[in-house]
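Asker: Put chain Y on the given structure of chain F with help from the hints.
Taken in sequence, the protein lines are chains F and Y. Note that my numbering has the first sequence beginning at 1, numbered continuously upward. Note that my numbering has the second sequence beginning at 1022, numbered continuously upward.
In case anyone wonders, no lab produced these hints; they're calculated from the structure. Treat the hints with caution; some may be incorrect.
A short, non-exhaustive set of chain Y residues, derived as facing chain F with CB atoms under 10 Å [claimed, not checked]: (1) 1060; (2) 1069; (3) 1071; (4) 1072; (5) 1132; (6) 1135; (7) 1138; (8) 1290; (9) 1303; (10) 1504.
Glycine residues also receive a C-beta, built at the ideal position from the N, C-alpha and C atoms.
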Amino acid sequence: MKRIFSIAFLTLFSMGIALGQTKVTGKVTDLNTGEPVSYASVAVKGYNTAGTFTDDNGNYTINMPEGSTAIIVSYMGYKTQEITVNSRSIIDVALESDIAQIEETFVVAYGTATRGKYSGAATVIKADKIQDIPVVSFEQALTGNTPGIQIGSSSGLPGSFPEIRIRGAGSINAENDPLYIIDGVPAISGDLSTANTTTSSMNFLNPSDIESITILKDAAAAALYGSRAANGVVLVTTKKGKAGKTQFRFKADMGLSDFAFNNFPLASDAETEMLHREAWTNYGSLQYTGIQLEQYVNGQVEMYYPAKQPEYVYVDWRKELFRTAVTQNYELSVSGGDEKTRFFLSGSYNKNEAVTKGRYFDRISASMNFEHKVNQYITLGVGFQYSYTDQSGHQEGGAAYDNPWWAAMSFLTWRWPAYNADGTYWTGFNGGTKAYDTGNSSYRNPLLNNDTQITTSAQTRLLMKPWAEINIIEGLKAKTIFGYDGIYMHDRFGWLPDHANGQAYGDGFLTVKKHEYSKLVSSSTLNYSKTFAGDHNLSAMAGWEAEKQSNYHDYMGKIDMASTKVISMAMLANVYGDVTDYNDESTLLSFISSMNYNYLSKYFLSATYRRDGSSRLAEKNRWGDFWSISGLWRIKSENFMQDINWLDNLQLRVSYGVSGTLPTSWYYHKPFYNFEPYGTSGSFYISSADNPELTWEKNFTTNIAVESKLFNRVNFSVDFYIKRTKDLLLPATTSAISGYTSYLRNIGSMKNTGVELDINVDIIKTKDITWTAGINWTANKNRITELSYEDEEILDSPYMLKKGYSYNQFYTREYAGVNPQTGQVQFYRNNKLPDGTYNKEIVNSASDANNIIIEGKTGDPKGYGGITTGFRYKNLSIGLLFNYMYGHYVFDQAQDQMSVDGGTSFYRSISKDQLRRWQKPGDITDVPRRMPYDRAGYYNSSRMLLKGDFIRLKSITVSYNLPQSWAKKVKLEDVRIYAAGNNIFAVTGLYFDPELPDSRGFSNRQTPPVRTISFGIELSF
Amino acid sequence: MKKYNTITVMTLLAFAVMFTSCSDFLDTNPTDRLPADQVETLSDAEKVVNGFYINMKWNDYYGTPLMLLGETRGDDLRPRLETNGYPQIYNYEFTPSNYSYSGIWSTAYNVIMNTNVFLNIWENIPAASDDETAQKNDLKGQALTVRAFCHFDLARVYGYPYQKDNGASLGAVIGNRKFNPGEQVERSSVQKTYEFAIQDLTEALPLLSTDKNHGNFNYWGAKGLLARVYLYMGDYDNAFKHADEILTDLDNPYRLILNSEYADSWGKPDSPETMLELLTTAFSHIDDNGGVDSWYYVLWHGAGFSAGRLIPTDAWFAILDEDPDDVRHSLIQSATDEGVNFRWLAKFCGNNGDGDFKINNPMIMRLSEIYLIAAEAALMKPAINQSKADYYLHEIRKRANPAAAQITATVDDVLKERRKEFIGEGHRYFDLGRLGLTIDRNTPDNKLPAGSDYKIVDPWNRGGNQFQVVLPLSSNERTSNRAAFQNPGYPD
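Here chain F stands alone, though its shape is the one from the complex:
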């Protein structure tokens, strides 16, 4: 009775006061499982502002405005239901899962696409693939995850610059790096550091702030980015807030790093002495015998590999210069919102020691994404990424004692002293009788050099992206986004007075380089989509974009330091070299458009068109057209395929289009006067050529692909592509009478042909156990198809660029092994015969041998890719990722100075391979006899070309979610503990890390990759 009264009262109340405001309540559940669905959206049809969400138990309450008739219940992954209220006040809804909708949507150029309905070649990498891998920048975690992407060497120093090649190198002189788009805004990319260290400009993003990465590979996917898209596009989407309960997530991990590979094994102390003794015996026997010989050998060995002196301290250099490095990472994020406003906030602190003592990379970062629905027409949002990074590296490559890695590898023997007895650095060069102190002025203690070298690069970066979206009428939407990317860099490079170079320049040397890079982008697009006659779906987009990049630089250098305690420009006496500041600008103005049409969601046709105008080209060549056309046929949707039950999906994609690459030089199209002081006045002179005819490099890409899903378990896709680069930007030699010896021209063409295969299998799919496995494989073949004239050879040592050969074709002397009778090194002298073939003549001196194209040996892998597997049992999951590469050769620049066969640099360390040297007639070996002054190994030759094949356990992650009941006890929603590691082990024939060489197969003595094992905990509440 009481209840009836209440209802009656309420009814009267609502009728009388709210006039039609009725309330509906209910519960939303999963049709299959009966479990409640929380955070499902419940909206009133026709009233955008009146919606709500279900709570943790799936319950909702919603006010129905006057005149409303139905509610709409939706949740991602379920079919949306529209339910007519019919004056009911309690409506329970059971949602049916929607397989089609679970098919992911992903970010593409200027919009999103649905998997299976997109005709371009794009790969998506979700956050969970990379989230736990201990890397500074997300780029390093891409390796092996997706076909078509090759990540070249990155130094083992944290934060260093990795080389990313999407479908091979398409350019010779312009950039080969992809374009990076972050949340729709083209970001500044590349290696910007000027502090004698490399740095990736993507270091600023905490990988945990990334929701997904889309890699656009063909023209259909990338051509909308026009004149910058030829090397592929990496689209990064940062994490956004989700409506519902505010979620906190805290993550902390700590890791330990060390070199991932036993690089360049060295002969032991005793072996080294034995090898020295042998070398001097070989040499001495040419003039001495008996006791004389013995005395001579002892003398020489004592000179070049002297016995340890009691007054000095000797060390294992590798232990002394390197360490097990500690990395730490802490993150906190908050995500939440309601149907009108959503937000995501995060902050992180990342601290990485380098394996090289004293070097480091630290980052503080923050990310914020906010959006608000003002009304049914307008939604506003803003994204913010801020970071401060502080990095210290050192010179790499052959920078002698300034690259501790190279110093430890090559110069330092077991018998070089490290310290004096009093603990001070031993600095050698004392005018004594040993090799290390008789006036070898290039010898410096690398411990001292490492301490007295200043290389710091600090960057503050802000990426800001306010945007607005307007629903003008049904189907017509406008979006405008404004992007600002600003990097403030402060680089310092110098040498303290104790450093050898510090003395060369004066009494200590310091340069400060400040840079401000900024990129402003404004783009606005109109989208229209409509379904005609029920079956014809059309969508179109048109818009414009303007972009302006400014690079401001400020340099200053001084010598003569007053103090090494306080190091700043204020504490140095004299200005040295140029003091300058300047600003460069590059602008781009574009019109963009695309059109997608499909019939019955079965036949898809898409076209894109972009017109770019660039400030980097002369007015008459400024505007270029970039376009693509592509089609998709969902064969499985045809009626005749319906009966094939084991085939869940089959589709064919075809695309063709053109994208471009702008010259890296911003002002090459017109002549300029450089300034230089002349006495007390100034001077202007034209020193470099200009070319008003300059235009884009153009990439014409054809892509044909088949995608399929079998037995509801096996996802399979294969892509074939041909990427032709025309109008290559190349410096052409010209007669100096023009005033220049070369100038940049659009000449030549190149072709990349390839296949990409991606297979992923759901082996077990049950509630408690899932097991997936995948393999991807890419084969890319590169050919230079044209240069400026028929037989042109462009030497790019140790490569030769020539028509018909790969961009990475090796060109060096041809090694002919060791003469088994004499132990002498042998090379081929290749004499070209009139018929074009070569007559091979064996010579014993490198200077008699000529450089030649080493047929069949290039830096190009025949194939590369990754193998992944993921296993989950209830709350425990394990992921493994292997990467592999085969069929390529690497050129080991280190070998010529470590395997010197007893040559001139015999006071250096000796690599272990010297134990295989020739010793007596009849020995069959690849290492010549040890003979001082022979310098056999000290010359580049194909002896340094090594098969680079490898497979590596690239990463492993183990993660365990504590049972919810435990977590709840400590008032937490979820507790996850995890362990992750990268570069776990590698199987290879190389004697150094197989990922040390760069993307062209060149190993340039840089700090090798490290293995990091980390442990972490993630709390959600």
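Answerer: Leaving out everything else, chain Y in the frame of chain F:
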């Protein structure tokens, strides 16, 4: 509905705005360079003219190889050790691909290109007063003089000496206009190259200022160059005429350095007799490497990181030592290296005289040279003027030692004086070359490789096997300009 319209209009407006005035947006310029079409004022033009000299001082032209070609191919300077101090030049190891020293060719043409670009726009430079017109004319005169100077260098480096065959051998590609990249143009003869230089200089003389200006060519510098060109050609009447006119002109702003000033004069720029030196400063070195690629680095044997890799020959010391009181002994110092004593040339001690040899103005022309040109030409011209020759030579000799007695001058005396006076200034080889004299380097102190063909050098290559006395065009130059032929003897 009204609301929709407002939004639509606003959106369309937003789209419309961006298409207006976007042409400027795509024109960008750097801030550390001046667009070539913005050289518009006399002040701009003056800087462009200074730019010619900046390019000439580089370490691939006057800063290093041209001086070396003038010195270490001769008999006054030699490497102290076999392996240092540009032994390839000393040994005449020139080849089109390895040691072509093509920087001389390419830098000279870069300067020529700059002069031609300037001459093309010279007419448009405004000049509002007589003073400005004079200044404007002077700038054109400098451009013509520099162009002539570069052609003269090209002829003497890449062609045989004029007097060998009256300039019949291959000389320079005449750069009388700006060439486009890739243009194929043939080389003219040495004779035509000299003619072109003389024509430019003749045109320049009336335009040039007569004010002293040590870092730029002026009237006197151009006239001195004309005297030098005629001397090389063996036209001694004209050589004498121009040299003598300079020395007898009361407006001539130069005077010889005094004996008392001599030692210190090398440590500072703009001496009273400097007619042209190329200006270097701490912010404008000879190279991009702080000056260590300059040839002054190779000469200097001071403290620290300098080299002392080239030293005077015993033969040169022998003639200097004939007079122990010669002031030029003040430019010689002694040193010891690895137990070996030697004397070295401390002439180029840097613009500040403090031994910072890396900031050192390459000396191109000074009044002493005009004296010795006049003396030599007076003796060589058909109507010998012995008294003038005696006078001019004596002025230099008595400056070196005030006690020196006046002598009856011979050509040999003049040449010997040139050796003593100009060592390190890049003249000796060319002096021997223009006269066709044999160079004797077969001395105990030579550092030539054992089998060297260049122990006795004939700059006229009369035997035919010393073709490396002229430099080759680089193989790149040959490939890219098929019309310009290689010098005889070199592989093509």
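Asker: Each of the hints needs a verdict: does it hold here or not?
Answerer: Here is what the structure says about each hint:
| no. | hint | result |
| --- | --- | --- |
| 1 | 1060 | holds (7 Å) |
| 2 | 1069 | holds (5 Å) |
| 3 | 1071 | holds (4 Å) |
| 4 | 1072 | holds (3 Å) |
| 5 | 1132 | holds (8 Å) |
| 6 | 1135 | holds (6 Å) |
| 7 | 1138 | holds (6 Å) |
| 8 | 1290 | holds (8 Å) |
| 9 | 1303 | holds (8 Å) |
| 10 | 1504 | holds (9 Å) |
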